[in-house]
Amino acid sequence: MMRFGCQTYTWQMTYQVYKHRFSDILDVIAGTGFKGVEAEICMLGAYYEDPALLSEAIESRGLELAALTLAEPWLAGKESAAEREQADRLIRYLQHFPGAKLITVQLPGTDRRELEARQQSGSGQQRLESAAHIIRIPRQGLYSVPLLTMKCCSADSMSGMWAIARIRVI
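Okay, so the sequence shown: first residue is 1 according to the working numbering, each after it adds one.
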């Protein structure tokens, strides 16, 4: 059975308004009937300090954590120390959420040097792909935003699949 979840990217577009309101975001997601959430780590606020807090927040609303997204520049052929530290922190954090995916996204930016090669190689993202539950989604343009896709699941089974949607906040 396919489950439907919501990505927090829409709220991220008004980050200054919603950066400390993840509870409100979860209320909207649960209230609209979604069963899960995929969030970029910048939206978690205090929940990123303690996985037990996030677990309680999502479970109390009848939600599941479908995925967390790590967005980094990954401009070099190798992870920087800061990129590696962020990735390792998120990997440790996700160990508290069996079944949740780690999605990596290369941040858009003005540095267009060797863009196609970086997108194809994944730059510093390559190390992460050897870990379980990793989905790498390269940016195709300055603002192309990924959704969690069915790449993580077998084509012959709908069991455990997430279809993640973005909703427009008006």
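These are computed hints drawn from the structure, not numbers from a lab. No experiment lies behind these values; they were computed from the predicted model shown. Cβ atoms here follow ideal geometry from the backbone N, Cα and C, with glycine treated the same way. Mixed in with the good hints, there may be bad ones.
Stated by the list, open to error - Across the chosen pairs, the derived CB separations fall in these ranges:
#: 1; residue 1: Gly62; residue 2: Arg21; range: 16 to 22 Å
#: 2; residue 1: Gly62; residue 2: Leu107; range: 29 to 35 Å
#: 3; residue 1: Glu56; residue 2: Ala81; range: 31 to 37 Å
#: 4; residue 1: Asp50; residue 2: Thr14; range: 23 to 29 Å
#: 5; residue 1: Glu85; residue 2: Pro108; range: 18 to 24 Å
#: 6; residue 1: Glu85; residue 2: Leu53; range: 17 to 23 Å
Status of the hints after comparison with the structure:
no.: 1; hint: Gly62 <-> Arg21: 16 to 22 Å; in the structure: 19 Å, holds
no.: 2; hint: Gly62 <-> Leu107: 29 to 35 Å; in the structure: 32 Å, holds
no.: 3; hint: Glu56 <-> Ala81: 31 to 37 Å; in the structure: 33 Å, holds
no.: 4; hint: Asp50 <-> Thr14: 23 to 29 Å; in the structure: 25 Å, holds
no.: 5; hint: Glu85 <-> Pro108: 18 to 24 Å; in the structure: 22 Å, holds
no.: 6; hint: Glu85 <-> Leu53: 17 to 23 Å; in the structure: 21 Å, holds
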